[in-house]
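Enquirer: First to last, the protein sequences are chains A and B.
Going by my numbering, the first residue of the first sequence is number 1, and it counts up by one from there.
Going by my numbering, the first residue of the second sequence is number 1, and it counts up by one from there.
Because the hints were derived from the structure by calculation, they are not lab data.
Fair warning: this is a prediction, and the values are worked out from it, not measured in the lab.
Backbone N, C-alpha and C define an ideal beta-carbon position, used for all residues, glycine too.
Be aware that a few hints might be false.
Each pair of labels, with its calculated beta carbon distance range [to be verified]: (1) Asp113(A) <-> Asp79(B): 27 to 33 Å; (2) Gly19(B) <-> Ala50(A): 41 to 47 Å; (3) Glu55(B) <-> Asp168(A): 51 to 57 Å; (4) His44(B) <-> Tyr11(A): 53 to 59 Å; (5) Gln120(A) <-> Ala27(B): 30 to 36 Å; (6) Ala50(A) <-> Leu89(B): 43 to 49 Å; (7) Glu49(A) <-> Arg54(B): 47 to 53 Å.
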Amino acid sequence: MITIMKKFDLYDLKQTVNRHGVLISFAGPFSHGIIEELGQAVTRYLEAEAVTKASLTDVFSVFIEQTQNVRNYAVKMEAEGITDHDFNSGIVTIGRSNQHHVVCSGNFARKSDMPSLVAQLNQLHGLDKKELKALYKQQLRTTRNPGEGGGLGLIDMARKASEPLEYDIYELDEQYCFFSLCVTV
Amino acid sequence: MENFVIEPTKSSPAILFDGTTGILDIAGESYPENSYEFYKPILHWLSRFCNNFREAIVFNCRISYLNTGSTKSMMDILDLFEERHSKGLAVCVNWYCDSDNDRAIETAEEFKEDVTFPFKIKSLEE
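Only chain A is shown next, with the shape it has when bound in the complex (with noise of 0.2 Å):
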């Protein structure tokens, strides 16, 4: 057999992410402009698949509040001065997996900031929609800090799911690791 160096295969790539079910993805930095961006075509996508309105404003929200969790907690990062890791690049997708809609996003994060995100969602995977909601309110008096929008976004995304979220942490060393969001609408 003959080996040649091993190219950038897009196929391979394009192949994975049919096979996964995703529909539209970006890999990159999540700008303000680039979620604005991705919003719009998101939201011309879903129009042209004919779901209902309020479908579509679920998916909207959904990637919306994912997209922005990655974007502020860049913002946090830098402007606590750690640039070690690319936090603002990052990877969303949305897909399908039977009738429902996937949107997945995933991002460079300290490790030591995961035990208290794991714990909140631990909490809200025990919630039915009626907690869900009383927590949301909440929530919604009794956070001041702004920067402390990532709680809300949370338990947002838990109300328009209708499976518990998924998340995963891959370890990449000592100090970092790579973690990964996906709720299903």
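Once you've looked at the hints, dock chain B against the given chain A.
Expert: Structure of chain B alone, referenced to chain A:
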């Protein structure tokens, strides 16, 4: 009082507060990069109005989508109105939403639950 005007962008709504009539119009999508900073000036303007004038306030809201940060700021605006209402001054909200969008109606109803002043949910065509 002078008017307060903000032009819309893709992710932030148009805001017009008429300082003479007390009519506040907000229309568009709301997921600005920093919702707190975006809504701070209008909140400040409205508090000034509330502290200095006794005229009625009518808020016509035509926001098609609010992210969680904007929802928080919207609660702050409604809290200010609630305070005004508790002092016996007139405030009312006309919240317009797409009658085909159950989620938009639900969002409006959740705001309505938290206030005691007149809050009408209207169809966009009205």
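Enquirer: Would you list, in rising numerical order, the hints stated earlier that this structure does not obey?
Expert: none
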